[in-house]
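Student: Sequence:
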Amino acid sequence: MNETRQDAWTNDEDIILAETVLRYIREGKTQLEAFKEVSSQLSRTPAACGFRWNATIRKHYQEAIEQAKEERKNGLKSDSSTANKGEADTIETAILLLEKMKANFQTEDNVAKEKNEKLVTQLENENRQLREYLKRYEETIIQLGRIISEVNTFRNNKI
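In this note's numbering, the protein residues as written are 1113 to 1271.
Keep in mind that a hint or two might mislead.
To be verified - Below are the DSSO-like pairs computed for lysine-lysine, each with C-alpha atoms no more than 30 Å apart in a straight line: (1) Lys1214 <-> Lys1227; (2) Lys1181 <-> Lys1141; (3) Lys1247 <-> Lys1270; (4) Lys1148 <-> Lys1185; (5) Lys1225 <-> Lys1212; (6) Lys1227 <-> Lys1212; (7) Lys1181 <-> Lys1148; (8) Lys1247 <-> Lys1230; (9) Lys1141 <-> Lys1185; (10) Lys1148 <-> Lys1171; (11) Lys1230 <-> Lys1212.
Quick caveat, the hints were computed from the structure, so don't treat them as lab data.
Generate the whole structure from the sequences, applying the supplied hints.
Tutor: Here it is as structure tokens:
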């Protein structure tokens, strides 16, 4: 009864995991990030990838890990001028983003002001109309009061 588990790791999956982790080490990224990438490729959890790496695969790739770390260190030394340029690009990108956000905010603010002005005008017109109705009703009530007084006076005079 030497059955293989349904979720057993294949050699191809082990190679994908190892190559991805080594690439992430060379690029200065974390192993956790590598596990997340591999997990989406292989339809496994990042935890399963991490367990497989630490329990089995890492032992077979010690030299490759050290070499990847060296490549990362050497790459960082030669990339110091590139990093300064990258920082400047990042700052420029941030400035452009902030300027765009400011312009969008001003546009949205103007649109909101226009909407509010239209709403205020609409409410003022409605208020004016309601005041006219109120004035008419008050005049009608006064007229009805006069009529009632006249009717009462007429009734009292007849009695």
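Student: If a hint holds in the structure, say so; if it does not, say that too.
Tutor: How the hints compare with the structure:
no., hint, in the structure
1, Lys1214 <-> Lys1227, "holds, 20 Å"
2, Lys1181 <-> Lys1141, "holds, 11 Å"
3, Lys1247 <-> Lys1270, "violated, 35 Å"
4, Lys1148 <-> Lys1185, "holds, 24 Å"
5, Lys1225 <-> Lys1212, "holds, 20 Å"
6, Lys1227 <-> Lys1212, "holds, 23 Å"
7, Lys1181 <-> Lys1148, "holds, 20 Å"
8, Lys1247 <-> Lys1230, "holds, 26 Å"
9, Lys1141 <-> Lys1185, "holds, 12 Å"
10, Lys1148 <-> Lys1171, "holds, 21 Å"
11, Lys1230 <-> Lys1212, "holds, 27 Å"
The structure shown violates just one earlier hint, number 3.
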